[in-house]
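For the record, the sequence lines run as chains Y and L. Residue numbers for the first sequence follow my numbering, beginning at 1 and rising by one. Residue numbers for the second sequence follow my numbering, beginning at 1 and rising by one.
Every clue listed holds true.
Quick list of simulated restraints, FRET-style, between CB atoms:
hint	chain 1	residue 1	chain 2	residue 2	range
1	L	K14	Y	K144	32 to 42 Å
2	L	L59	Y	A41	49 to 59 Å
3	Y	Q111	L	E3	35 to 45 Å
What the simulated footprint calls covered on chain Y by chain L, stretch by stretch (three residues with Cβ under 8 Å from a Cβ of chain L suffice, anywhere in the stretch; the number is not a length):
hint	segment
4	124-136
5	208-218
Simulated from the structure, these hints should not be mistaken for laboratory data. Ideal placement from N, C-alpha and C gives every residue a C-beta, glycine not left out.
Protein chains: 2
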Amino acid sequence: MNEPITSRQNAWFKRVQRAIREHAGEIVIEGPKQVADAFAAKWKPIAVVRSEGAGGTWLENDVVLSATLFEGLSDTKTSQGVLALFERPHHSADEILERRDSVAVALDGVQDPGNVGTIVRLAAAFDAAGVILLPGCADAYASKAIRASAGAALHVPIAASKHAELAAAGRPMLYADASGPTSQPPARDAVLIFGSEGSGVSKEIRRIAQPIAIAMSPRVESLNVAAAAAILLSRSYESRRR
Amino acid sequence: MNEPITSRQNAWFKRVQRAIREHAGEIVIEGPKQVADAFAAKWKPIAVVRSEGAGGTWLENDVVLSATLFEGLSDTKTSQGVLALFERPHHSADEILERRDSVAVALDGVQDPGNVGTIVRLAAAFDAAGVILLPGCADAYASKAIRASAGAALHVPIAASKHAELAAAGRPMLYADASGPTSQPPARDAVLIFGSEGSGVSKEIRRIAQPIAIAMSPRVESLNVAAAAAILLSRSYESRRR
Numbered sequence: 001m002n003e004p005i006t007s008r009q010n011a012w013f014k015r016v017q018r019a020i021r022e023h024a025g026e027i028v029i030e031g032p033k034q035v036a037d038a039f040a041a042k043w044k045p046i047a048v049v050r051s052e053g054a055g056g057t058w059l060e061n062d063v064v065l066s067a068t069l070f071e072g073l074s075d076t077k078t079s080q081g082v083l084a085l086f087e088r089p090h091h092s093a094d095e096i097l098e099r100r101d102s103v104a105v106a107l108d109g110v111q112d113p114g115n116v117g118t119i120v121r122l123a124a125a126f127d128a129a130g131v132i133l134l135p136g137c138a139d140a141y142a143s144k145a146i147r148a149s150a151g152a153a154l155h156v157p158i159a160a161s162k163h164a165e166l167a168a169a170g171r172p173m174l175y176a177d178a179s180g181p182t183s184q185p186p187a188r189d190a191v192l193i194f195g196s197e198g199s200g201v202s203k204e205i206r207r208i209a210q211p212i213a214i215a216m217s218p219r220v221e222s223l224n225v226a227a228a229a230a231i232l233l234s235r236s237y238e239s240r241r242r
Numbered sequence: 001m002n003e004p005i006t007s008r009q010n011a012w013f014k015r016v017q018r019a020i021r022e023h024a025g026e027i028v029i030e031g032p033k034q035v036a037d038a039f040a041a042k043w044k045p046i047a048v049v050r051s052e053g054a055g056g057t058w059l060e061n062d063v064v065l066s067a068t069l070f071e072g073l074s075d076t077k078t079s080q081g082v083l084a085l086f087e088r089p090h091h092s093a094d095e096i097l098e099r100r101d102s103v104a105v106a107l108d109g110v111q112d113p114g115n116v117g118t119i120v121r122l123a124a125a126f127d128a129a130g131v132i133l134l135p136g137c138a139d140a141y142a143s144k145a146i147r148a149s150a151g152a153a154l155h156v157p158i159a160a161s162k163h164a165e166l167a168a169a170g171r172p173m174l175y176a177d178a179s180g181p182t183s184q185p186p187a188r189d190a191v192l193i194f195g196s197e198g199s200g201v202s203k204e205i206r207r208i209a210q211p212i213a214i215a216m217s218p219r220v221e222s223l224n225v226a227a228a229a230a231i232l233l234s235r236s237y238e239s240r241r242r
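Here chain Y stands alone, though its shape is the one from the complex:
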């Protein structure tokens, strides 16, 4: 067995660091269970990186870092000494919108990766066709978002898109907003849109979609975006099953 890598100049160390920072073509998955799940979901591995203490061999050429170096990349509690670099999965909004037996979710300026990940988890729970990220959203493959998705980010189709592209698809579109009627959300063949934590959806969405509200106490102004998504996606799922 080779000695663990100890240099911060090591190419793998720097590559993982870059992947964590840049949210570009390579995704970091932390923790042995999560890494195994990503393999099972047919994600394409680039490298498995382990802390010198952590047992098990994953690929032929696992990268083994000294404990100190590994801790510089990932907190050991979350990763349990194992993380892996995968190719970013590529889905298109069209691919998500093609599935007409369910609803698609679109997020518009949802900046908090925890909220994005929680909504990805909800999309899996209520069998939505996928999650479309409009401009201003956090990366659904950021570490915090992947953790909040509780593994769902490995399975749910996620695609980046633009307002004009979404409009061009010509599907019925509803956005969660207190100004709308408190009607039953559609069961299928529609897009449910959720806006930013502070200011709701953008002007562009207000122009191309209709509002839908959730009945609640008039003394409260708004719900957390993930709570609104939970309620509308759960209702859509229930009416789809009837």
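Please build the complex by placing chain L on the supplied structure of chain Y, with the hints as guidance.
Just chain L now, with coordinates in the frame of chain Y:
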């Protein structure tokens, strides 16, 4: 005007520090709007603490700290240079359970203050009687919980209680759990219980309450606790209004 306080030995500085750490009899509220809302909600103020830069006088004897000292207590972005110490509000579980025209929420080992605060916000949105914190929950008045509640913690009755006390109240009790039937939650005169993020409700709750499930894809194991609360509380609210 007096000079701002610069010493970390100052009694007020130490008292606020202690309140943040200890979650005992004194609560710290951060931000001018939040502090004003707490006054409006008739919370009992002990002192308003300002950073030397922050304008406005709140009480006759506002405590003014140097900017450096203030930053040691609170990040300035959240607080905008203003925080206040209030007496912890006291509600009892009995007081919450007395209100029979709605449901009460009980949390059992919900450790994340963000989840506790989000559920307090949901209790306000769906007009629940209050939130009962069973053993193992995060403090609903911790800074992170208050922020997640978006101000609702100022208005929603919150009480600490024990399993035996809750059982003794003799009210219908349902806990969210995948093992239960996917039935409609009660509209009123009942307690809806949500368990810990990892392992659900405790054995004690399983003994004294009935499970209720949320219909969802069999491929997903569980929902985030706040998402489950959003769905069940919203349904209860809707059937209460019919």
